[in-house]
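In this note's numbering, each number is its position in the sequence shown, counted from 1, plus 5.
Any given hint could be a false lead.
Below, simulated PhoX-like cross-link-like pairs (lysine-lysine); rule was C-alpha separation at most 20 Å, straight line [to be verified]: (1) LYS45 x LYS14; (2) LYS31 x LYS14; (3) LYS31 x LYS45.
With beta-carbon atoms standing in for the labels, derived distance ranges [unchecked claim]: (4) SER7 x TYR46: 17 to 23 Å; (5) SER30 x SER55: 29 to 35 Å; (6) GLN35 x VAL10: 24 to 30 Å; (7) GLN9 x ARG44: 27 to 33 Å; (8) LEU56 x ARG29: 15 to 21 Å; (9) LEU56 x VAL10: 15 to 21 Å.
These aren't lab readings, by the way, just hints derived from the structure by calculation.
Each residue gets a CB set at the ideal place from its N, CA and C atoms; glycine is no exception.
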Amino acid sequence: MSRQVLAFKIGVNPRTLERWEQGRSKPNEQAAALIWLVRKYPDTLQRLESL
6 MSRQVLAFKI GVNPRTLERW EQGRSKPNEQ AAALIWLVRK YPDTLQRLES L
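The task is simple: from the sequences and hints, build the whole structure.
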């Protein structure tokens, strides 16, 4: 999944996602929880989209 697609799916700007990846900023608690879920359960986004 591209950075732009992931950013769109989690509702953030692609540059924000880039800053998180580079360690220049940190996601808020809600975004961090979603990132954790996606890492642990890769199909999380597809499941959420189907709700």
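These are the hints, each one checked on the structure:
Under the criterion of a C-alpha separation no larger than 20 Å, the hint pairing LYS45 with LYS14 is consistent with the structure, at around 17 Å. A distance of roughly 18 Å separates the Cα atoms of LYS31 and LYS14; the hinted pair therefore holds under the 20 Å criterion. A C-alpha spacing of about 19 Å is found between LYS31 and LYS45, which places the hinted pair at or below 20 Å, so the restraint holds. Distance hint for SER7 and TYR46: a CB-CB separation of about 20 Å, consistent with the stated range 17 to 23 Å.
Checked against the hint of 29 to 35 Å, the C-beta distance between SER30 and SER55 comes to roughly 30 Å, which is consistent with it. Remark: the range hint 24 to 30 Å for GLN35 to VAL10 is contradicted by a beta-carbon distance near 19 Å. Look at GLN9 against ARG44: about 19 Å separates their beta carbons, and that is not inside 27 to 33 Å. A hinted range of 15 to 21 Å is violated for the C-beta pair LEU56 and ARG29, which are about 32 Å apart.
Checked against the hint of 15 to 21 Å, the C-beta distance between LEU56 and VAL10 comes to roughly 19 Å, which is consistent with it.
Going down the numbered hints, you'll see the structure goes against 6, 7 and 8, while the others check out.
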